[in-house]
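Spelled out from the first residue to the last, the chains are:
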Amino acid sequence: MKITKNEVLYVAHLARLELTDEEVDRFTLQLNDILLYMEKLNSVDTSEIEPMSHAITLNNAFREDVVLPSISPELALANAPEAQGDFFRVPKVIE
Amino acid sequence: MELEPVIGLEVHAQLLTSSKIFCACSTAFGASPNHHTCPICLGMPGVLPVLNRRVVEYALRMAIATNCVINRKNYFARKNYFYPDLPKGYQISQYASPLAEHGYVEIETEGGKKKIGITRIHMEEDAGKLIHDETNPMSYVDFNRTGVPLIEIVSEPDIRSAEEAVQYLRTLRDILVYLEICDGNMEEGSFRCDANISLRPRGQKEFGTRTELKNMNSFRHVQRALEYEIKRQMFIIESGGEVVQETRLWDESQGVTYAMRGKEEAHDYRYFPDPDLVAVFIDENWIAQVRSTLPELPGAKKQRFMEEYGLSTYDAGVLTSDRFLAEYFEKCAQKCQQPKSAANWIMGDLLKLVNEDKRTIKECPVTPEHLAEIINLISEGTISGKIGKEILEEAYSTGEAPRAIVEKKGLVQITDERFIAEVIERVIAHHPEQVAQYRAGKEKVFGFFVGQVMKETQGKANPKLVNDLLREKLKN
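As given, the protein sequences belong to chains R and Z, one line each in that order. Numbered per this note's numbering, the first sequence spans residues 2 to 96. Numbered per this note's numbering, the second sequence spans residues 4 to 479.
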């Protein structure tokens, strides 16, 4: 196996996903398959090839520094599970 | 065992663009909550961020000004973590390929100039603002600041004391403000600093265990927090304990640092290139074009002021602390050809007027040309220094030209010896008692006579003439 159950649980925690035992087993197997496939790609010699960060070759797509109207706070808050005044409201978090 | 502090600083500077880094929302400070937001900075699914060109230009200015090597190809990465001030669940930042690396700035220390290395400068977006409810377990989120452009400037661990840390910060801030890319306001958070600090026996190469300090909102906080943390770590080490690697917050009211609450989870940001943003290529032309727009930087300007105008280190430092103050001085000095007088007038009476008025030098109603005129009126003997001050105040409140004020108010200095001699004789005749005192050797009374003569002439008599003639007349 390329990946352990513990690693799956760790990654799930980082993504704030709650998994059932059955899902942990299933995803461990699936992730293992994906990693094995990656292993296959690793067998290709890429020492002469520059790493690629994007699938498209376009560069320097800029916008000019111009302000356009924002959306209304009502619209901004429309999907908020909880709001108060013009604020989003969340459970208190202190880092 | 002598312990030596090792300090590295991470500075976040908000860039003075009009719009955010990846969307067209305004960056203006102080708007009502969530009024400067849109689907892009709110992190709605399916939106496409597009990079603000000016952010790259501003970041390039700082990179060039701090002697960095510019990475020709650089791209943005996602820094993944969950926090309520971060709507997307990731911050767009730069990781493997920052904009610039391997720079340095020179700071002034008691032992002379010192180079502080700059590890990297990268571009990123700011997070939102959280307001914690005092009574309920709730926090309120304002995303206006989300997506405001930042540059992060990371120093090498080259700093060895709290004073050096503050000096380095001041140097960075002065450069940013000179470049007009950041307003440098620590209290409002447009210039922020975190510090990494550890101790090690002097001479040892390896670093000790470090703590990270946060929540320092002024230069004074930085200085005090570092001094406290140096003492705290020193005490732990000297009493045989071990420093724990952790993040600590500065509490200004208590004057202490304390460990952040909550369990210290190892951060695992899983950086990867952001597929929504294409790579940025910076060619020689772009670098050369930005370089050509850079102003003279504070360090170089200070040096030049000392050499070209013969100013002291202190005067040159004060006058170059603000770009517009330096410009004001140069215009004035060139016009009156008396740089030292210009420096004294600006740093003394002029700044006093401006500061009392809570204005900046840019808003000063007295132009540098007008101040030069006052200085010339004094040096050519038309008015006395005292009248010069009055004229400055008058020019400050009315904006009128000094020469016009002199003529209008009849303030031309009296240099007519016969006239002054007459006044002196009158004063002497009216104060026989003081004359006797003076002649009996009471030197102090001399000032009284000068004052009386000045009063009689409304301060217009040439002081040197008054002095000379008085001494002569009082002798016999």
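The set of hints was computed from the structure by calculation and includes no laboratory data. Small disclaimer: the values here were computed from a predicted structure and weren't measured. Don't be surprised by glycine CBs; every beta carbon is placed ideally from N, CA and C. Do not take every clue at face value.
Cβ-to-Cβ under 7 Å is the rule here; a few derived chain R residues that face chain Z [what the hints assert, rightly or not]: (1) Thr-5; (2) Arg-64; (3) Val-68; (4) Leu-69; (5) Asp-87.
No farther apart than 25 Å at their CA atoms in a straight line, the calculated lysine to any residue pairs in the SDA-like style are these [stated by the list, open to error]: (6) Z:Lys-76 <-> R:Ser-48; (7) Z:Lys-76 <-> Z:Arg-56; (8) Z:Lys-304 <-> Z:Lys-76; (9) R:Lys-93 <-> Z:Lys-217; (10) Z:Lys-91 <-> R:Leu-18.
(message) Which constraints among the numbered hints does this structure fail? Numbers only, ascending.
(response) 1, 8
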